[in-house]
Amino acid sequence: MLRFWRATINSRNGLAFAIRSEQAIREEVVALVLSLPLAWLVGATVMRRVELVATVVLVLVIELLNTAIEKLSDRLTMDHDPQIGRVKDMGSAAVGVALVMAGVFWLFALAERMGAF
1 MLRFWRATIN SRNGLAFAIR SEQAIREEVV ALVLSLPLAW LVGATVMRRV ELVATVVLVL
61 VIELLNTAIE KLSDRLTMDH DPQIGRVKDM GSAAVGVALV MAGVFWLFAL AERMGAF
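full-length UniProt numbering puts the sequence shown at residues 1 to 117.
Note that these hints are calculated values from the structure, not bench results. There may be inaccurate statements among the hints.
Heads up, simulated SDA-like pairs for lysine to any residue below, C-alpha to C-alpha not over 25 Å straight-line [stated by the list, open to error]:
hint, residue 1, residue 2
1, 88, 38
2, 71, 18
3, 71, 60
4, 71, 46
5, 88, 99
6, 88, 11
7, 71, 98
8, 71, 88
9, 71, 96
10, 88, 50
11, 71, 13
12, 71, 94
13, 88, 25
14, 71, 10
15, 71, 104
16, 71, 24
17, 71, 23
18, 71, 7
19, 71, 8
20, 88, 78
Pair ranges (Cβ atoms, derived) [claimed, not checked]:
hint, residue 1, residue 2, range
21, 110, 75, 36 to 46 Å
22, 113, 33, 46 to 56 Å
23, 36, 8, 21 to 31 Å
24, 111, 85, 32 to 42 Å
25, 85, 115, 40 to 50 Å
26, 82, 37, 38 to 48 Å
27, 96, 7, 22 to 32 Å
28, 117, 85, 22 to 32 Å
29, 1, 26, 39 to 49 Å
30, 65, 34, 20 to 30 Å
We put the beta carbon where it would ideally sit given N, CA and C, even for glycine.
Using the sequences provided together with the hints, build the complete structure.
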């Protein structure tokens with residue numbers, strides 16, 4: 001039980017640091033908060049509402065991992081390193097793919113709500 005408690009505290013600390021230090025994380029937390037009532041309006045079923053919120057959570061998770069990669073990379077060296085640059089670009093690409101995926105889900109749900117399907 002103590003291990004679970006410590007892991008919870010570490011997770012809270014990591015999220016709090018990310019929110020304080022990264023604008024992208026703050027924006028995605030706002031998007032998550034906004035997605036809760038919007039999913040209720042847009043989603044035609046309870047499952048669709050859960051899916052819509054889950055896609056926003058997934059974007060936040062991937063952004064947290066990307067931020068961790070960037071912070072670790074910057075800690076290793078501040079010098080320009082092409083390999084580290086490619087790693088950072090891949091993390092950024094992961095966030096981009098997740099954002100596109102979330103956008104497609106939301107557009108599909110909107111179309112479904114408006115009776116296109």
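Worksheet item: Which numbered hints turn out to be false for this structure?
Response: Hints 1, 4, 10, 15, 22, 28, 29 not satisfied by this model.
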